[in-house]
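S.K.: Numbering (UniProt numbering), first residue to last: 1 to 356.
One thing to keep in mind: the hints can contain errors.
The list that follows gives simulated cross-link-like pairs (lysine-lysine, DSS-like), each with its CA atoms no further than 30 Å apart [to be verified]:
1. Lys175 - Lys185
2. Lys194 - Lys239
3. Lys285 - Lys93
4. Lys185 - Lys224
5. Lys25 - Lys58
Label-pair distances were calculated between CB atoms; the ranges are [claimed, not checked]:
6. Lys194 - Ser11: 26 to 36 Å
7. Gly201 - Lys58: 21 to 31 Å
8. Glu22 - Met204: 49 to 59 Å
9. Trp109 - Trp218: 29 to 39 Å
10. Asp256 - Lys175: 54 to 64 Å
11. Val5 - Asp256: 49 to 59 Å
12. Glu174 - Ser108: 22 to 32 Å
For the record, the hints were derived by calculation from the structure and aren't laboratory data.
Predicted model, so just to flag it, every value in this text is computed and none were measured.
Glycine is no exception: its CB is placed at the ideal position from the N, C-alpha and C atoms.
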Amino acid sequence: MAPNVQHLRLSEETLNDDFLQELAKIVPGLKSLDLTIPRRFDENTSPDYAVGLIECFKAMKDLEYLSIYHNHRYDKGILFNLYSFVQFPPNLKYLDLTRVSNAAQILSWVAEECRHLKGLSLSWGVKENTLQAISQLKSLTYLEMRKITVPCDIGYVLEALSELRALSMSNLDEKMISEIAQHCKKLEYLRIDKVSPETHGSLMRLATLPNLCSLDIWSDNYPKEQTTELINRLIANGKIQYIRMATAKKDSLEPDVLFEVLRRCKNIQSIGLEFGRINRDLYSKICQVVDEIDEEQRQQRELPGMTHPIVEVECNSGLSEFVPYEYKWLKFTYGGGIWKMSLNKWKYGSLSAGKP
């Protein structure tokens, strides 16, 4: 195994006693690790195997990014045998637990051992005890929380995380949105999924975030008047540069609302749209509006180092029915998360100023 390896992905199939002995030789230099916990690693696991994996963890002094995956019936055994003995790397900056079903206990240990943690991603079963653990991670600048299972008070968490620059959440109610607006004054990037029509009124409060430059919303219903008002307020603030709106229902999102932004706001560098399915009429409408953007505005937005076209459209189906025209400033793509932010700078590039 090469001694200068910086990123490593370990799966169930590769983890065995012999491999762990070889792994111990290179882990001191590792910067990034994707780890899949084997199903056999439970309360009945052989002591030698468990110790081998734990010793590898202890040697990872320079590890900055860690992604852990396990999703099977041995959760309790794994938590007891692995995390209770693991000394998390002191320089850990990014922790991805989106594929871990019970993260509260892990985070309590992380809060004690990883004082410089900057990014955290969670998914399944975010409950009150999970939030309590998160509130102890004072150094976080990026937080992703999905599938909050019960109504929770996130106000004290956001207040404790005063350095947050980027936030991604789903299943929000009106109170949660209001608390984001109240406590996250340094926020630059915000992604909120599964926004219900009942919460659209509270979305207006997001326009009070003084540093917000990137907004990403997923909803099944966009009331045109409220959506327009929100965007107008963001434009008035003068900071917004990226807007992306996604929906599973093609008739619930009016492209004109976003395209009007392109015409009026020179700060906007890129617009994103996502539809469950796109048809020929919608495709033609998008192309027509983009064609109407004058050449001067196009040149203004073609900035050095820009990684996105002016307009980017994502859909899960429908494009195969016709061949899209090629536009330098317009891009169509199939589903897959156009702007999904990655925390792993060793694999995908760094997080810069909260921008995707």
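S.K.: Each hint should be assessed against the structure and marked as holding or not.
M.R.: Taking the hints in turn, this is what the structure says about them:
1. A threshold of 30 Å between alpha carbons decides the hint, and for Lys175 with Lys185 the separation of about 17 Å falls inside it, so the pair holds.
2. This hinted pair checks out: Lys194 and Lys239 have alpha carbons roughly 25 Å apart, not beyond 30 Å.
3. Taking the CA atoms of Lys285 and Lys93, the gap is about 44 Å. The hint is violated against a cut of 30 Å.
4. For the suggested pair Lys185 and Lys224, the alpha carbons sit about 27 Å apart, so the restraint of at most 30 Å is met.
5. Note on Lys25 and Lys58: the hinted pairing holds, with a Cα-Cα distance of about 12 Å set against a maximum of 30 Å.
6. Roughly 31 Å separates the CB atoms of Lys194 and Ser11, a value that falls within the hinted 26 to 36 Å.
7. Checked against the given bound of 21 to 31 Å, the beta carbons of Gly201 and Lys58, roughly 51 Å apart, lie outside it.
8. Distance hint check for Glu22 and Met204: the Cβ-Cβ separation is about 57 Å, which falls inside the suggested range of 49 to 59 Å.
9. The hinted range of 29 to 39 Å is satisfied by Trp109 and Trp218, whose Cβ atoms lie roughly 33 Å apart.
10. In this structure the hint that Asp256 and Lys175 lie 54 to 64 Å apart at CB is violated, the actual value being about 31 Å.
11. A hinted range of 49 to 59 Å for the beta carbons of Val5 and Asp256 is consistent with their spacing of about 50 Å.
12. The supplied range of 22 to 32 Å is met by Glu174 and Ser108, whose beta-carbon atoms lie about 30 Å from each other.
Hint compliance for this structure: hints 3, 7 and 10 are broken, all remaining hints hold.
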